[in-house]
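Chain residues, written in single-letter form:
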Amino acid sequence: MIDLQDLTKVFPGTPAPAVDRLSLHIERGEIAVFVGPSGCGKTTTLKMINRLIEPTSGTVRVDGRSAESMPAHELRRGIGYVIQQIGLFPHRTIRQNIATVPGLLRWDKAQIAERVDELAELVALDPDMLDRYPAELSGGQRQRVGVARALAADPPVLLMDEPFGAVDPIVRAHLQDELLSLQQRLRKTIALVTHDIDEAIKLGDRVAILSEGGHLEQYGSPSDILRDPANAFVADFLGTDRGIKRLSLIPISALDLEAGPVVERSATHAEATAVALEYGTDWIALRDRSSVDGWIRIADVPSDGPASVNPEPFQTRLTRESTLKEALDAIVSSHTSVAAVFEGTELIGMITAEAVSREILR
Amino acid sequence: MQAAGGFFSWEWVVNHLDDIWDRTVQHLLLTAIAVGVGVVISLALSIIALRFRWTYAPITWFTGILYTIPSLALFAFLVPVTGLSVLTAEIGLVSYTLLILIRNMVAGIDGVPPATVESARGMGYTGRGLFFAVELPLALPVIIAGVRIASVTTIGLVTITALIGQGGLGFFILRGLNLFYSPIGTTQIIVGTVVSVALAVAVDLALVGVERLATPWSTRRAAA
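In order, the protein sequences belong to chains A and B.
Numbering-wise, the numbering used here comes out as the position in the first sequence, counting from 1, plus 5.
Numbering-wise, the numbering used here comes out as the position in the second sequence, counting from 1, plus 270.
Next comes chain A alone, as it looks inside the complex (with noise of 0.2 Å):
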């Protein structure tokens, strides 16, 4: 969808180029993350792509057209462009804002109004703010409204540059939630720059790691990147905790759980004590006919068997859908050392520490 040849930048009376030949593919209805330090050309490219700085050499082709095939107004009417700053227009209501494309593109007036209260609902922006200034607004609301003025006039690309980066670190992640839910529902190609390698995880089907001058030094899905970093910089760039951040991209569902040291109310105290030591525990889980309880230390198993004790709620529930990097918290801060796997109100399995960490190295 969004092809980059051999594209490079050179500044005027810079000795090196901020972009250097840079090729890559973005595809239809992903999000590409460009990221890496400062200086490394990320917005420059992004600002390529519609033409906001024009390329010393090499091409762009948005959707099988070269970005100089018309001129850059148009090019630009036809992709949406989010800032960090947002960029709103301060002396324009959000209605008006959210309009501003189609205006430029000369719709009629009904058609933008209904368009207008439609990407309110999408963004779920409260209708009494479309009447509002932006400094009205609060700074995720504004964000909010950020997005909804880019996808006015439904164009298949946009173009975001630190989109989260002006809003306080809850926010940022309730909007990073929301624009993978929204691009769950819409599926644009999006080219997303940002400095920071865990939002370019999250949010990235492609993590694009650039370095100073504008190095490609690795294109590819965040666990691919993860597992194999193409070389010292970019595992350098990852951080040492690369290992648990490729956790948090791999559900539970991958692995195979166990079933755990589950003991039946009805056991036997020597049972009991059998089944934690199989599974190396200083604890069991206890089953009443389908549904398990809760777990208790085998030290305070009665010597008559569990039939009659009160056992302790797992703390953290989990489910086939949550992150082996949830799971591993379970872990850590369970007294079980193992994360309980739900499916509804019933165990399904558990994992431990090790099976998380067969995971990591495969």
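Worth flagging that the hints you see were computed from the coordinates, not collected in a lab.
Just to be clear, a hint being listed does not mean it is correct.
Unchecked claim - Some but not every residue of chain B turned toward chain A, in silico, with C-beta under 7 Å:
(1) A385
(2) T386
(3) G394
(4) T396
(5) P407
(6) L408
(7) P411
(8) I414
(9) W487
(10) T489
This structure is a prediction, so every number in the text was calculated from the model and none was measured.
For glycine and all other residues, C-beta sits at the position ideal for the given N, C-alpha and C.
Given chain A, work out where chain B should sit, using these hints.
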């Protein structure tokens, strides 16, 4: 007609209300023409200065020179060419508005946040559309601040044009000076001055109102 020993004659004021009204209207008209023409010329010169940055220095240099010429001298130079006319008065008055107006226009446009300009361009605004739809409206508070200063300054300067047969309320001040040491003279000086000052204050307040109406977005802020 005049009270002995007094220096202010209410009787003169009451007898000349029509006259005062006419001169006030003339004063306002001279001001409005000067500021109006000044805004148009300044806008054109500002656009040139913004488009071709190197012209900004010579433009401010030239309008700065105009600004420093003593008004009396300027009128003395112009009278042989354009006579004792409204044109002569306006050439002078307009000249004095340019520096203030151009400086505020250019500063106003320069003060538009770069992120706003960039996102406007990124959405497909081109030069002229960008200027009139985004940059100019956002520069309006600073531009109107310039218009306020220019208007108040011009209202004061209009009185000087009495010397070339115009002058609005300045007419009373000039005639009052010629009749000095008489209550009729001082009365006219006081009337001319007080009404002129009142006019300046009223026009300034009116322009504050215009700014509020034209830029509702700049006064409304988040409660949070």
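Comparing the hints with the structure gives:
1. For A385 (chain B), the suggested interface contact is upheld, since its CB lies about 4 Å from the closest CB of chain A, less than 7 Å.
2. For T386 (chain B), the shortest C-beta to C-beta distance to chain A is roughly 5 Å, which falls under 7 Å, so the interface hint holds.
3. With 7 Å as the threshold, the beta carbon of G394 (chain B) comes within range of chain A, its nearest partner Cβ sitting at about 4 Å, so the hint holds.
4. Nearest Cβ of chain A to the Cβ of T396 (chain B): about 5 Å, under the 7 Å cut. The hint holds.
5. At about 5 Å, the closest approach between the beta carbon of P407 (chain B) and any beta carbon in chain A falls short of 7 Å, and the interface hint on this residue holds.
6. Evaluation of the L408 (chain B) hint against chain A yields a held restraint, the C-beta minimum of about 6 Å falling below 7 Å.
7. Nearest Cβ of chain A to the Cβ of P411 (chain B): about 10 Å, over the 7 Å cut. The hint is violated.
8. Annotation: I414 (chain B) was flagged as interfacial toward chain A, and the flag is violated, the nearest CB pair being 13 Å apart, outside 7 Å.
9. The closest approach between the C-beta of W487 (chain B) and any C-beta of chain A is roughly 4 Å, which is under the 7 Å cut-off, so the hint is satisfied.
10. The beta carbon of T489 (chain B) comes no nearer than 10 Å to any beta carbon in chain A, farther than 7 Å, and the hint placing it at the interface is violated.
Violation of the numbered hints given earlier is confined to hints 7, 8 and 10; the remaining hints are satisfied by the structure.
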